[in-house]
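Here's the letter readout for the chains.
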Amino acid sequence: MARKEYAFYPGCSSQKGASASNYLTSVESMCKTLDIKITEIPDWNCCGASISYAEAGELPRHVMNARNFALAESNLPGQDIVATCAACWLGARESKERLEHNSGLMADTQEALKEAGLNIKAIPEIKHMVEVLIEDLGYDELKKPVKKPLAGMKFAGYVGCQTNRPFGIHGESFENPVYLDKLIETVGGEAVPYDQKVTCCGGALAFSEPDKAQAQIKDIIESAYDNGAEMLVTPCPLCQANTEVYQGQINKKYGTKFNMPVLYYSQLMVLAYGGSAKEAALPGNVIRARKLEEFAGK
Amino acid sequence: MSNANEQMAARYKNNFLKEIEEQAEMGEWVKMCMQCGVCSGSCPTNFHPGWDHPPQEIFMMIRAGKREEVLTSNSMWMCTSCYNCYVRCPRKLPITHIMHGIAEYAYRLGVAPKFQPTLHLSQTFWNNCTKTGRVNEVKLTQSLYFKDGFMAGIKKGLEMKDVALGLVKAKRLNIMEALGGGHKCKDIKGIQAMLAKAKELEAKRKAAKAAA
Ligand code: SF4
Ligand code: SF4
Ligand code: SF4
Ligand code: SF4
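Chains as they are written, first to last, in this note's numbering: chain B, 1 to 298; chain P, 1 to 212.
No wet-lab data here; the hints were simulated from the structure.
Careful, some of the hints might be misleading.
With a cut-off of at most 25 angstroms between alpha-carbon atoms, the simulated DMTMM-like pairs for lysine to aspartate or glutamate come out as follows [said to hold, decoys possible]:
#1 Lys-154(B) with Asp-211(B)
#2 Lys-199(P) with Glu-100(B)
#3 Lys-189(P) with Glu-111(B)
Required output: the full structure, derived from the provided sequences and hints.
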């Protein structure tokens, strides 16, 4: 038996062939090394994300999350839910909190769930993968399997918004959370200090207000470069995509020469644990992390 | 002015604060604001040009009964859900959700700004993900870029071409999704029935408040 078991909520963007599929690949190899068993919640659905607020209204949004809770509870009893996407995690936690504190909302939710033949007894705990790593296992355990420390490499840990606010990781400050820096150091890398660590990248508004979002993203990347970082590291698929895929457009607009790879913490861990470039899903990066590809080949 | 809007305006007469309290998600918090301005200074800097009225001002305007100005404003639609204001507010107002709640209410009344891009995104996203239970990223991208009509869509598509090509090469954008081969839930029927019920219950609850 694995030392820990979780009901896994991958979220839409982490499916095969989707924009964060490389996150999924690296998380799977990371969990294998750490002896963590993650079982996909059968037939899970999209959480709706914050951006659907206008079309969805309140109850339908909670009901979407509630369906996942009910499926996890009945199919994987006793297991906490773990999400890899910061937005999924936040949405699910918000729904859990509201439903547990508002009996009217809960009653309506149960009535709607009945239409899908489901029912909630007790909502499971909901964790982000980062919480599983640092709270359920701890930095010491994460360090044990390190075979190849990422020595001499400089990373800017980009925490962004949603793993940090409003819930945050236990014990971290909103203005300067350090868990991502500590994860980088755990695998032997150097975490550079820089002042845009918790700046919002624009989130979903990168689609609807691209100019304003790209101005935010420019500030983030620029500050990472100015402070000597070679790569950015994120805990969130939307942060990852936003800070990676628009660098070309930002270069055209501002005459900058950005070409900074943006990695998931899980990719760094897989590499430090001795995994191949493929296991770390490095080919999934749009801006290739050449230095890490070489490192993986050594 | 739309019908639903006139009805609500008549129902709540000169009490816009009460209207927001009863009809907008988390609206009951608005009266707790002490106008310190911390939230306004917290919104992402590069979105500032879009904020005609940052949260503090919106809350003041609600109390002053500036109904039309608030509901037709672009401001709430500029919220990126960054939760900066939310964690800093000394009165613990759930500002992010209040902004979303007011925006949603304006949309429900039919008075939200026409062609508001974030409203369009919200509609597209929800319709996309509830159709099969999961997001179809290719269709989502298509509907977003073609919102201004066919030619504008092509132009934007071309601008975005390099972004999309990069994702396809990295196997992170599956063109098959456009043809219906994408990800779906098995119990789509159950999901739709459950959402229809949720919508009905929510409408009932809000109508009951207005009638009370
Ligand atoms: S975060 Fe987005 S993509 Fe992921 S499950 Fe939620 S809505 Fe779907
Ligand atoms: S994508 Fe942007 S808005 Fe979302 S969590 Fe990441 S930094 Fe925040
Ligand atoms: S931070 Fe809170 S109390 Fe201060 S103005 Fe904003 S909403 Fe009001
Ligand atoms: S959550 Fe919205 S209102 Fe609050 S600071 Fe961020 S953008 Fe501004």
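Each hint tested on the structure:
1. Lys-154(B) with Asp-211(B): Judged against 25 angstroms, a Cα distance of about 29 angstroms means the pair is violated.
2. Lys-199(P) with Glu-100(B): holds, 20 angstroms
3. Lys-189(P) with Glu-111(B): The given pair, whose Cα atoms are some 16 angstroms apart, holds under the 25 angstroms limit.
Checked against the numbered hints listed earlier, the structure breaks hint 1 alone; every other hint is satisfied.
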